[in-house]
Amino acid sequence: MSLPQPLLQVRGLTVRFDLESGTIVPVNDINVDLAEGEIVGLVGESGSGKSLTALAIAQLVPHPGFLTAQHLRLRGEDITTMPAEALRYFLGSEMAMIFQDPMSSLNPALKIGTQLTEATRVHRRVSGKELRKMALERMADVHISAAETRLRQYPHEFSGGMRQRAMIAMGLMNSPSLIIADEPTTALDVTIQAQIIDVLREINREQGTTIMLISHDIGVIIEICSRVLVMYAGRIVEDVKISELMTADNHPYTEALIAAVPAFDSNRDEPLPSIPGRPPDLDNLPPGYAFAPRCKYVFERCHHETPPLLRIDETHRIACFLRTEPPEGATRE
Amino acid sequence: MNKLDVRDLVVRYGQLRAVDGVSFGIPPGGTLGLVGESGSGKSTIARAIVQLARVDRGQISLDGKDITFARGAHLNEIRSKIQMIFQDPYSSLNPRLSIGAMIDEVLQRHRNMNGAQRREEVDRLLEMVALDPLFADRYPHQFSGGQRQRIAIARTLASQPELVILDEVVSALDVSVQAEVLNLLRNLQIEFRLSYLFISHDLTVVRYMSDSVCVMYLGQIVEWKETEELFRQPEHPYTQGLIDAVPKMIVGGDPNRIPLSGEIPDPHFPPPACRFHTRCPFGPLTHPERNLCREDDPHLLVDKSEHYAACHFPLVKKELA
Ligand SMILES: Nc1ncnc2c1ncn2[C@@H]1O[C@H](COP(=O)(O)OP(=O)(O)O)[C@@H](O)[C@H]1O
Ligand SMILES: Nc1ncnc2c1ncn2[C@@H]1O[C@H](COP(=O)(O)OP(=O)(O)O)[C@@H](O)[C@H]1O
Ligand code: SF4
Ligand SMILES: [Mg+2]
Ligand SMILES: [Mg+2]
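Just so you know, the sequences run in chain order A and B. For the first sequence, the positions run 346 to 678 when the working numbering is used. For the second sequence, the positions run 1180 to 1500 when the working numbering is used.
Everything labelled a hint here was simulated from the structure, so no lab data went into it. Bear in mind that the values here come from a model prediction, so they are computed numbers and not experimental data. Idealized CB from N, CA, C, for every residue including glycine. Keep in mind that a hint or two might mislead.
Calculated pairs, DSSO-like style, for lysine-lysine (alpha carbon to alpha carbon, straight line, at most 27 Å) [stated by the list, open to error]:
#, chain 1, residue 1, chain 2, residue 2
1, B, K1244, B, K1483
2, A, K641, B, K1427
3, B, K1244, B, K1260
4, A, K478, A, K456
5, B, K1483, B, K1260
6, B, K1427, A, K586
Every beta carbon over 12 Å from chain A, so not counted as near; a handful from chain B, in silico [as the list claims (entries may be wrong)]:
#, residue
7, G1204
8, H1289
9, M1292
10, R1298
11, E1370
12, P1493
Excised from the complex, chain A in its bound form (with noise of 0.2 Å):
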C-alpha cells in the first residue's frame, strides 16, 4: 500500500533561544505529517510551544530565535533550504496564517477591499476587475453579508468577529492548500467561535483546505478538528485521532486536559480534577520527564528518561512508557 504523499512533513524541528539565563527549547524535535484535507489540532497549556511552532512552519521564527530542522517540506519541497525571494512567494501562495488578534495583521489605514486585493496581486497577475470579484467571492465565503459595502470599510469598523472573517477572507485569496490558524477565536464570544468554526469547517470541506488549528481549548478541538497534537513543555506528547480520544488509552497529560473542563453533564458537587503543579520552566527543566512531577502515574524511570514519541498503532502516537514500555506489574489505577 503506497501511502500518498503528505502535504506537510515536519521532521525534526526545533527551535532554541541563547538568552542570558541560558539556552531553551521551546519547540524541541517535532515529527509530524499532516495529509491533504485533514483538520489537524494543537493543543497543550500556555507557554507549551505551540505558537512557535506554528511561526517555525512559517519560517517566522522571531529574532533571536533560532530554527533547526531535519527537513519541513510542504507539497515534497523543503522549504528549509529555498531561497528568500522564492521561499515568500511559495509560502505566500500555499499557505495562510491567522491569528488571535487579527488587527495585528491587519493595517488599520487601508480599507479591508484593498487588503484583499493586495494579498493577491503580491502573487499574481490578475486583472483589477477579476481581483474584485474575487475578492467578493472570498467574503462570501466567510459569510460577511453586503460585500460590497464592507470592502469599502476600514478595520476599525468592523467587529471582532467580522475582523477575524475578514482574515480569513484574506488568507483565502490565494487558495492556500495549509491554513495555520493560531487561537483564531480565543477572543470571541462563545456564539461567534461557534460561527468562525463553521466557517472553517466549510472551507475544508468544499476548497480542501488542510486546516492546523491551535487552541488551548481541546473541546474547540474535538469540534472541528480529525486529529490532535497534544503538546507539553516544546515537545508532542500525543498525536491521536479525536474519534480515539477517551476511548483510547491516552497521555496521563491529554487525559487529565480533558478531565479538567467543568463538562455539561459533570457533577456539580465532586471538584473538579486538576493537574497538579504547572508547566516548567524551560530554562529549569526537571530532570527526565518534563511531565513527570505531574504525572499520577509518574513511576521511578520517568524521573530520568524522556519517552520517545513512537506509534502504537496506525493512528496513534504516544510519549509515554506505560503505554510503550510497560514496567512489569503497572497499571493506570
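Using the hints provided, position chain B with the ligands relative to the given structure of chain A.
Leaving out everything else, chain B with the ligands in the frame of chain A:
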C-alpha cells in the same frame, strides 16, 4: 432574607442603557451566576453594586438594607462586606508592594489587630489559598497568573467579606489552573458562608459554580433559573443558543445544535420590543406570524421576583403544545 437584592437597576453611560431594568437576589451562602456575550452589561452590574458605576434608577440592598447611595461610615462598612475580584489580578495588585504588605494594608483598614496579630493573619490567609507564607515578601510579578488570582483571593478574605463579586476571574487561566481556582473558591464559600456573584462569559464554568443563573442580553436579564433546570430545559431561545454554541466534547460537534446567526446589535440602538428578535431562531426571522416579538416587550409581562424567561414563545411550552 437575601444577602443581596437588586431591583429594577438601570445604569446608563450617556445615552447607552448598559443595564436596563435588572432584578435578582442572592441568598446567604449562595452563588448567582451572570452569563452573556461581551457587552451585555455584566461588569456594569458589578460596578454598580460597589458604587464604581452611577446608578440611574433602581435599588440595591444588602441584608435587606438599601445601600444604593450609601455614604461615609456606612459605605466603609459595605466596602469591607462586599469585595470584588477581576479577570486580571495584576492590574489590581500594586506592583510596588510585597504581597504580605498588600494583605497587611487591608487588615489595618478593616480589622482591629496589632502588628503581631496581623503578621500571623497574613500567614494564615496565604495558607488558606494554598500559598507558602514564605512568599509574603515577594512581589506580584514573581507569581504566575493562577498564583496572582490566589493572592487576590487572600487579600479579599482579609476584610472578612460576606459577598464576593467574581468578574471573569478564571477567564485568563489555563484549564488546569482554572480548575484549582474554582475548587478553592467553592471550599472557601462553604468555610466562610460567602455569597458569590459569579460573572463569566463561559457557560460551563458558570454552571459548575452557580446555584441559579441569570442570562443577560443587551442590558437585560432574559432568563433566570435554578442552574440544573436552566441547562436541562432552557426556555429562552437566547439561552438555548448560548448553550448550543459551547463545544460539547462531541466528536464532529453536536449535530442537533441550532446556531445563532449574527452578532449583538449596537447597544445604542437596541431592537424594539424583544431585543433578541433580530437574531432569534424561533422569532419573526423564521416564523413571520410571530409579530408579537417585534411589537410587545416580553419583559413587561413577567414577574421578576422569581425565576422567569422573558419570551413570548418560550421553548418548553412550545414543545408541549
Ligand atoms: N521571542 C521569544 N524569546 C524568548 N522566549 C520565547 C520567545 N517567544 C516564545 N518564547 C518562549 O517559548 C515558549 C513557548 O511559547 P509559545 O509558542 O508562545 O507558547 P504557546 O503558544 O503554547 O502559549 C514560552 O515559554 C516562551 O517563554
Ligand atoms: N465606562 C464606560 N463608558 C461607556 N460605555 C461603557 C463603559 N463601560 C462599559 N460600557 C458599555 O456598556 C455596555 C456593557 O458593558 P459591560 O458591562 O462591560 O459588559 P460585559 O461585562 O457584559 O462585557 C457595553 O456596550 C460597553 O461598551
Ligand atoms: S419573544 Fe420572540 S424573538 Fe424574543 S426570544 Fe421569544 S421567540 Fe424569540
Ligand atoms: Mg500561543
Ligand atoms: Mg465584563
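Exercise. So which hints don't hold here, by number, going up?
Worked result: none
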